[in-house]
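*Asks:* Once you've looked at the hints, dock chain B against the given chain A.
As a plain string of letters, each chain reads:
2 protein chains.
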Amino acid sequence: MVLEQHAVAVRDGAIEQVLPAADAARKFAAYEFIELPDHVLIPGLVNAHTHAAMTLMRGLADDLPLMRWLEGHIWPAETRHLSPRFVLDGTALACAEMLRGGITCFNEMYFFPESALEAALEAGMRVALGLIVVDFPTAYASDPADYLRKGLALRDRSREQPLVSFCFAPHAPYTVSDATFRQIGTLAAELDLPVHLHVHETASEIERSLAEHGVRPLERLRRLGLLGPSLIAVHCVHIEQAEIDLLARHGCSVVHCPSSNLKLASGFAPVDSMLKSNINVALGTDGAASNNRLDLLNEMRTAALLAKAVARDAQALPAHAALHAATLGGARALGLGARVGSIEPGKRADLVAVALRGPELAPCYDPVSQLVYAAGREHVTHVWVDGELRVRDGDLQNRASSLDTRWQIWQNALESHADS
Amino acid sequence: MVLEQHAVAVRDGAIEQVLPAADAARKFAAYEFIELPDHVLIPGLVNAHTHAAMTLMRGLADDLPLMRWLEGHIWPAETRHLSPRFVLDGTALACAEMLRGGITCFNEMYFFPESALEAALEAGMRVALGLIVVDFPTAYASDPADYLRKGLALRDRSREQPLVSFCFAPHAPYTVSDATFRQIGTLAAELDLPVHLHVHETASEIERSLAEHGVRPLERLRRLGLLGPSLIAVHCVHIEQAEIDLLARHGCSVVHCPSSNLKLASGFAPVDSMLKSNINVALGTDGAASNNRLDLLNEMRTAALLAKAVARDAQALPAHAALHAATLGGARALGLGARVGSIEPGKRADLVAVALRGPELAPCYDPVSQLVYAAGREHVTHVWVDGELRVRDGDLQNRASSLDTRWQIWQNALESHADS
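Residue numbers (this note's numbering), protein chains in the order written: chain A, 1 to 420; chain B, 1 to 420.
Nothing false has been slipped in among the hints.
Stretch-level coverage of chain A by chain B, calculated; a stretch enters the list once three of its residues show a Cβ under 8 Å from a Cβ in chain B:
hint, region
1, 95-101
2, 255-265
3, 311-317
4, 373-380
5, 406-416
Since the hints were made in silico from the structure, they are not lab data. By construction, the Cβ of each residue, glycine as well, lies at the ideal position given by its N, Cα and C atoms.
The following block holds chain A by itself, in its conformation from the complex:
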């Protein structure tokens, strides 16, 4: 729903009232006013799947086949450089990029989540922090029990943080065993946490599951009791209608990451079919190594365009549905639908102003259409998280002064590694 000439009253970080601008001038005369005459005000964008610290590997090795990319570049770089400092600096860079692009909340999956948390708090962003689990050792943890112990300890220390929530983040069906999945299922039910994982991303993932488990990954997850409203199923590219129905029946959310699916040649997720089956669909950027932008305005556009050609229907994923997926769809997937994702009294004030001006955005017949199909993140002017102004006229309000040097050090380190 588009309201024209309206105002949003914010108090103590919450949305107090949405009302005609003329009434607001009278009723809230004591409030500080920010006038945005050429703008649309939208809910803060929710990036429902990312690996924030991978900004440090943005463009490190593009245009390569998936396994050469992973085995020849990404994994060696991670093996050599992964550390709390790497995650802190990479996530700080990601937060700067995301905030400037109107993203107020991100669903994070990476190693050393305590460092990602530190960066998010420093930036003043809302974060759903993944308690990552894989079956192999990394610099972060040695085995599934160690990953879980570290993740849960972090949650115990940080659960009072107002902008922070947590998800279990078992990486993917091909990196997590049945036993670990069962344990996570039990813990997630006990603690009422979402479960965030990659699933049905590539054709080879499905083949491997059939060979190793005799069933496709979603069927395996069903047997393990993982399907339910708390499941955040990322990608779902190679998925049949029966599986879409299964996800719908269990109330699972799907996170669509169109740029990443294209860049890694994973394929085309049938988003139109998912929406028609009433699945809650969210949007994600994935990490900057496979996108290479943490830009949800761009994902909205890509998703809306792509869905039409995939469904052979120019009405598929219209602009309003893309905006819904990037806001309330994401919030619901993360279990935050009652707190954020829309501009409603009582919700936290995560808000983004986008200036619809300049020759690129003229004329304007439908502001939502303009936002999705014509605007870019460069048109974002103001961003509030929990009522706090984080971006004003395109400038970060609490930008870490050391940001440039922090990523520069990593660029030098990763380049020298690539050359060796």
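*Replies:* Just chain B now, kept in the frame of chain A:
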């Protein structure tokens, strides 16, 4: 090829020399210097297919099926509003958008080309002006002979303009008769002009051709003698390998318009196969009614991402190939490959500087990859056409002061029409 720390010396609108920056300071000490320390300098982008004046219908009727969109919105709006003034104002808006986004040359197909020419000259852009022909009457012309007469008269009047070239622009196989195509083929050979047309855009176009002509459109064009190095075949979405081979054998160019093909649900052009068959591929935005951005940086990214998923190969259409298509590929398609499209001594100085700075573009391992996958048109800072600075620090140097009011008048007119 990426050269670091280099300078481009420009004199009388032409590129005089490309040399290390340190040498340039000595050798060209008398020249005006523009230092661009964080930038990449690329050839001006060539938008190889657009209908510029359709900016006035940007977002007028999105998310509709093709025929409802055309018959219910676009065609009625054109019938009611099409005029020289409409084309002048719409093209002026398009030129402002394109220049700011690093596009220095566009291949135009629309009615009243004399008005598009006026706008292009006013903006200082290079333009390949289509002499449009369709078999039905419009406000512009009454029948094919009238279209051709008007187009050729325009060419006769304007052929001395240094930034202007001409193409025949028979709209599409389904709007142009055999007789008209034959006549255009003869004239094009006589006058040595390219022939620019939509072809194999939709599945229904092919079906209709089979029903009416007994052959698919490209085979019909072959029989009519239209295939050759001067043919600019736009879209080529529904195309078989034998047809790709046919285009390759005849040296035709293909203009890929990925955003438009997705938005109208036309389908997926097999660009990787075309490149592997050594077809010259260019990129186009199509009109703003079906995109809705005249943004070739965005088309490069969309093309590069999409080609990978279509070819199921993450190596398809790498960043360097996307940049080639958007520059030299476009120039060659228009028959301008000897004048523009690359940064080489002797070519005209159509140049674009893109600033690779800010958290969105850090770190940078490969400037071309960064340009295609991470940068946006908002990072374009300087644009030269024929050696003249048209954009400086993102601002148009000769922006028509009346631009805003000009499109506003049309927005009001088109909105009132949509409501009626």
